[in-house]
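Novice: Using the hints, position chain E against chain F.
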Amino acid sequence: MGKLTVDLCGITLDNPVIPASGTFGFGYEFAELYDINCLGTFSFKGTTKEPRFGNPTPRIAECTAGMINAVGLQNPGVDAVIAEELPKLAGVFRKPVMANVSGFSVEEYAETCGKLDGQPQVGWLEVNVSCPNVHGGGMSFGVDPQAAACVVRAVKAVTTKPVIVKLSPNVTDIVAIAKACEEAGADGLSLINTLLGMRIDLRTRRPVIANTMGGFSGPAIFPVALRMVYQVAHAVAIPVVGMGGVSSAEDVLEMMLAGAAAVEVGTANLIDPFACKKIIDDLPRAMKAYNISSLSEIIKGVR
Amino acid sequence: MKQCIYKIESNDPLTATVYRMRLSGDTSAFARPGQFLNIALAGLFLRRPISVCDYDETGVTIIYKVVRKGTAQMAAMRPGETLDVLTGLGNGYDSAKCGGHALLLGGGVGVPPLYGLCKELRAQGKQVSVVLGFNTKDEVFYETEFRALGAAVTVTTADGSHGVKGFVTDALPDAYDYFFACGPEPMLRAVCAAAKTSGQLSFEERMGCGFGACMGCSCKTLTGNKRICKEGPVLEKEEIRWES
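Residue numbers (the working numbering), protein chains in the order written: chain F, 1 to 303; chain E, 1 to 244.
This is chain F alone, in the form it adopts within the complex (with noise of 0.2 Å):
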């Protein structure tokens, strides 16, 4: 049987499968279906400082291959995840887990992690840089090179534990960001978040998500975020995490020729609450169909 093992920024992970955040909660509704350390890891829903409901319902919109959501990181706040959240997490998961966190200035991503620093369960900081910076006029801190170096410093100055950099690909040159990130000490990154979107309700004429705009995910991004992480993966020398409508096995393999160290799964965790398993259990068969010994070796092997 063909090599599963890859190396993350310094931590091995059995298999490059990871549930992305917002799509796998804290894990313990997959967790009753079934063991989820057969994951490489899983990266937990999007953690801020205070608590938030998000925004208002609906929140989803299907579309073709895909959907949109507008759930506007919803969650307990770091305190609660860290008093209540994570300790429920070790009784059904013995990995390092990645911790997401978003916020909405620099002084806030540098205090959540700072808070995260210091729990032994996490291994990795995602950092989503999504988000809008409200001492910025509410401009996202992901669509300027400086403003998101701004947050890589003020976190890699918190924390000894690897940071990634979750990149928006709602920007002209995705490539300007990631240097920016690596500039400032990031120690991975990972693409690409959802695109921005809509949906219109033609009997009602409305925006279907209340919000009007959402993140599409799904199947149909796969393009769009493959060719992102081959051009990210191409131009900086620290590991990627691909994800963007990844739901097979042979997308796995696609994103990893492409660039990827490691590949997270969204939006198709939802439609098959299997799909993370049943992409892991399918990678031997996937490997051996394309003469692949061992995953590590075909990162960026695209020719």
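Some hints here could point you the wrong way.
Unchecked claim - Across the chosen pairs, the derived CB separations fall in these ranges: (1) E:Asp94 with F:Ala157: 46 to 52 Å; (2) F:Met139 with E:Arg241: 55 to 61 Å; (3) F:Asn37 with E:Ala158: 53 to 59 Å; (4) E:Glu243 with F:Ser296: 25 to 31 Å; (5) E:Thr82 with F:Tyr290: 27 to 33 Å; (6) E:Ala96 with F:Asp282: 43 to 49 Å; (7) F:Ile11 with E:Leu222: 25 to 31 Å.
What the hints assert, rightly or not - In silico lysine to aspartate or glutamate, EDC-like type, Cα no more than 20 Å apart, as pairs: (8) E:Lys65 with F:Glu62; (9) E:Lys165 with F:Glu32; (10) E:Lys65 with F:Glu50; (11) E:Lys7 with F:Asp272; (12) E:Lys226 with F:Asp201; (13) E:Lys69 with F:Asp281; (14) F:Lys88 with E:Glu231; (15) F:Lys277 with E:Asp84; (16) E:Lys226 with F:Asp35; (17) E:Lys196 with E:Glu236; (18) E:Lys69 with F:Asp35; (19) E:Lys2 with F:Asp272; (20) E:Lys2 with F:Glu29; (21) E:Lys2 with F:Asp79; (22) E:Lys2 with F:Glu32; (23) E:Lys220 with F:Glu50; (24) F:Lys88 with F:Glu29; (25) F:Lys278 with E:Asp84.
In short, the hints are calculated from the structure, not lab data.
C-beta atoms are modelled at their ideal positions from N, C-alpha and C, and glycine is treated no differently.
Specialist: Same frame as chain F, but now just chain E:
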């Protein structure tokens, strides 16, 4: 929750737009009336959440209204075809909280989950009064089915073409110990305002996953944030926070 393959045993119209589908398969994940299942349909990205009308050891009955693509696709399916379903979703109604006389209030396609509940309440030896609300005579279904369970049934139609003219709140009985409701949100609001007792109401929301992972269907309640698909769809009257 369980992922199961269900086989369609029958799929027939009850009215011009409402269909009843009988599915056979593993129902071990269901624990209460008022739970739902989430159906994968070929070519459509999201599953379709549909409330369960009734279930037993061999299968479930669902009643659904053809609204758009997904339900139209379901209506065209034939016996023998199979469906990939997530089963046993949501909390369902807690019939134990009801005293000796239950009032069941259903509006339109909110009627089906009350049928399984009515069956359970009758099996507990409780008296059940049912008020079923529809727009017009041609849309009425399950009046005789509820009566066959031994319930006192009143039907209301908005245009007065059958039963009492008006809404379910125009036909509330004088005495009951507890109520259960399912229907469109304006109806649930009116029911809460008119009801003299405690009760449970089943809500609808656009869902992503249907099993608590995506936070797509969250609502604020007086007892904290709840996911309609996981801690709901049934909420207690006292915890509901109506948005103005």
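Novice: Next, verify each hint and record whether it holds.
Specialist: Each hint tested on the structure:
1. E:Asp94 with F:Ala157: 46 to 52 Å: holds (51 Å)
2. F:Met139 with E:Arg241: 55 to 61 Å: violated (33 Å)
3. F:Asn37 with E:Ala158: 53 to 59 Å: Cβ of F:Asn37 to Cβ of E:Ala158: about 55 Å, so the range 53 to 59 Å holds.
4. E:Glu243 with F:Ser296: 25 to 31 Å: violated (51 Å)
5. E:Thr82 with F:Tyr290: 27 to 33 Å: holds (32 Å)
6. E:Ala96 with F:Asp282: 43 to 49 Å: Holds: the Cβ-Cβ distance is about 44 Å, inside 43 to 49 Å.
7. F:Ile11 with E:Leu222: 25 to 31 Å: Check failed, 43 Å falls outside 25 to 31 Å.
8. E:Lys65 with F:Glu62: Between E:Lys65 and F:Glu62 the Cα gap is close to 19 Å, so the pair holds against 20 Å.
9. E:Lys165 with F:Glu32: violated (48 Å)
10. E:Lys65 with F:Glu50: Between E:Lys65 and F:Glu50 the Cα gap is close to 41 Å, so the pair fails against 20 Å, i.e. violated.
11. E:Lys7 with F:Asp272: Holds, at roughly 19 Å.
12. E:Lys226 with F:Asp201: Measuring from Cα to Cα gives roughly 26 Å; hence the hint is violated.
13. E:Lys69 with F:Asp281: violated (33 Å)
14. F:Lys88 with E:Glu231: Status holds; Cα separation ~18 Å.
15. F:Lys277 with E:Asp84: The given pair, whose Cα atoms are some 17 Å apart, holds under the 20 Å limit.
16. E:Lys226 with F:Asp35: It is violated: about 26 Å lies between the C-alpha atoms, which goes past 20 Å.
17. E:Lys196 with E:Glu236: Judged against 20 Å, a Cα distance of about 14 Å means the pair holds.
18. E:Lys69 with F:Asp35: violated (36 Å)
19. E:Lys2 with F:Asp272: Roughly 11 Å between the alpha carbons, so the hint for E:Lys2 and F:Asp272 holds.
20. E:Lys2 with F:Glu29: The hint holds at about 11 Å.
21. E:Lys2 with F:Asp79: violated (33 Å)
22. E:Lys2 with F:Glu32: Measuring from Cα to Cα gives roughly 10 Å; hence the hint holds.
23. E:Lys220 with F:Glu50: Answer holds: E:Lys220 to F:Glu50 is near 17 Å, not above 20 Å.
24. F:Lys88 with F:Glu29: holds (12 Å)
25. F:Lys278 with E:Asp84: holds (16 Å)
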